[in-house]
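Please build the complex by placing chain B on the supplied structure of chain A, with the hints as guidance.
There are 2 protein chains.
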Amino acid sequence: MPFIRTVFLVSDGTGITVEMLGHSLLSQFEGIEFRKITAPFVNSVEKAEEWAVRIAKSSRQGERPIVLTTLVNDPVRAVFQSSGAFVMDFFETFLSPLERELNAKSTHTMGRSHSATDKAEYQQRMEAVNFSLAHDDGITARDLPNADVILVGVSRSGKTPTCLYLALQFGVKAANYPLIPEDFERDTLPDTLRPFVAKTYGLTIAPERLSEIRNERRPGSKYAEFDNCRLEVSSAEAMMKREGIRWINSTTKSIEEIAATIMAETKIVRRAY
Amino acid sequence: MPFIRTVFLVSDGTGITVEMLGHSLLSQFEGIEFRKITAPFVNSVEKAEEWAVRIAKSSRQGERPIVLTTLVNDPVRAVFQSSGAFVMDFFETFLSPLERELNAKSTHTMGRSHSATDKAEYQQRMEAVNFSLAHDDGITARDLPNADVILVGVSRSGKTPTCLYLALQFGVKAANYPLIPEDFERDTLPDTLRPFVAKTYGLTIAPERLSEIRNERRPGSKYAEFDNCRLEVSSAEAMMKREGIRWINSTTKSIEEIAATIMAETKIVRRAY
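Protein chains in written order, with this note's numbering: chain A, 1 to 273; chain B, 1 to 273.
Okay, chain A solo, but in the shape it has when bound (with noise of 0.2 Å):
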């Protein structure tokens, strides 16, 4: 049996930026598991006591607690400090030194990494989401002047995920067109990308994960056979090679990596954090 810790991760607002906080550093653990409870919006000193009386429940049944906060207010930690667990807060921790190098005071609001205070920014972010929803796939070639970035590749080279992380995260404009068959018959880029090539960026695969994922949706195709697979691969390579095109190989990446890298290389501006 594995060895298992009790995780609490507290935020007075969404959780999202402890619960990766958490993931972060509990992934450097290997061999124990870890199961995670996230305690979102604990904006109060009520709501504080009454996720303390579950934490001292938690403890009575094992292990003490680990408790991983970004608490900005002191009265609320302060409910955490005594609960028993072993407690460590983001915010206290790094906000000291920060106000003594940039001889400020923090403003010890709740709330604010994910809350909607920037309205521009915000507004650039659903634009993006649109902008990528409305120019998936190739769906339309109207508005691609306006794209940062378009991504090409084969289908199911890992495309519309990208994409749209591109634009929840970063408030950038993906737009994606696919490399099909005809494409690679006619031994050209379709002739809508042509003026964009300096902002496409390209998508690989192996043909073996490739074929795979096709065979989930498509079992038996031609589409998911192996050797079409391997045929398209090194078809819409030779084509990005050819026209400038850089890419990656998505095969062993994460969404967030394939994003990140594209950010890196492609040097664009985001719009949002």
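To be clear, the hints were calculated from the coordinates, so they are not data collected in a lab. Check before you lean on any hint, since a few could be wrong.
The list treats identical chains as one, so a pair stands whether inside a single copy or across any two.
[Stated by the list, open to error] 25 Å max Cα-Cα, derived DSS-like pairs, lysine-lysine:
#  : residue 1 : residue 2
1  : K241      : K199
2  : K267      : K241
3  : K105      : K222
4  : K105      : K241
5  : K36       : K105
6  : K199      : K57
7  : K241      : K36
8  : K267      : K57
9  : K105      : K267
10 : K47       : K36
11 : K199      : K267
12 : K47       : K57
13 : K57       : K36
Frame of chain A, contents of chain B only:
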């Protein structure tokens, strides 16, 4: 002129965690403008040294730069610590106390936070994204039994971006179904939704804001008229109330806040971290 400080966000992976942590901390300071530069994939001493040169250069141009890092490799981190900048590392600070608490050594594996290490989990996210796209705006009722949640609300109340975020961030299968004038005339929920009321969740929005958003899409249309928006919103709210459907007002909320609230209130189990 506002006071400007340059902040380098350094990671051996995608940089997404350090960007989020940095954003959380810096949003606690008002009146200071931060110029943020992300340095992703800094996974070798050589790459660290290239960035250290850039940091030193920035240092000579004004206030010393702030460097926030999530680096698990000691030699890589050391390069920044001797760069003359104000450096805070998120992992170094928390990993040691956590190692003591867990009585275990951390693996110091680089780029773990957003890698595609857990293939099953990754698959869940991709399936959830495909599900959201296939079930956007009531496109199909097929597979609704497999939805974790079905968002309802008037057109442009924020359903689509919320569904996409739920899929990408939490691996949750979220469908969305619009409430349209025909539904309000009949004054009943669409038949398709009837069997799924228990897992339906509503979005509402202030009519003023709705009219603004719709006017951007279809200027001067009846669809965008304030009176029409007010009528649609009040009809939708009355219908949700009658059916016992919980809802959230999206007007001043970010997608993250809406998504986190839905996760907390419906107690959907997340399938991905």
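Tested hints:
Taking the shortest Cα distances, K241 and K199 sit within 25 Å of each other inside one copy (15 Å), while across copies they are farther apart (48 Å). In this assembly of identical chains, the alpha carbons of K267 and K241 lie at most 25 Å apart only when taken from the same copy (20 Å versus 48 Å across copies). In the homo-oligomer, the alpha carbons of K105 and K222 never lie at most 25 Å apart, since the shortest distance is 64 Å inside one protomer and 49 Å across protomers. In this assembly of identical chains, K105 and K241 lie within 25 Å of each other by CA distance neither inside one copy nor across copies; the values are 53 Å within and 45 Å between.
Proximity of K36 to K105 under the C-alpha cut-off of 25 Å is restricted to the inter-copy arrangement: shortest distance 20 Å between copies versus 33 Å within a copy. When the C-alpha separation of K199 and K57 is checked against a cutoff of 25 Å, the pair qualifies neither within a copy, at 55 Å, nor between copies, at 30 Å. For a Cα distance limit of 25 Å, the shortest separation of K241 from K36 qualifies neither inside one copy, at 45 Å, nor across copies, at 33 Å. With identical chains, the CA atoms of K267 and K57 are at most 25 Å apart between copies only, with a shortest distance of 20 Å across copies and 50 Å within one.
Within a single copy, K105 and K267 get their C-alpha atoms no closer than 33 Å, and across copies no closer than 37 Å, so neither meets the 25 Å cut-off. For a Cα distance limit of 25 Å, the shortest separation of K47 from K36 inside one copy, 19 Å, qualifies, whereas the shortest one across copies, 34 Å, does not. Taking CA atoms no more than 25 Å apart as the test, K199 paired with K267 passes inside one copy only; the shortest distance there is 11 Å, against 42 Å between copies. Proximity of K47 and K57 under a CA criterion of 25 Å is satisfied intra-copy only: 16 Å inside one chain copy versus 47 Å between copies.
Proximity of K57 to K36 under the C-alpha cut-off of 25 Å is restricted to the intra-copy arrangement: shortest distance 15 Å within a copy versus 42 Å between copies.
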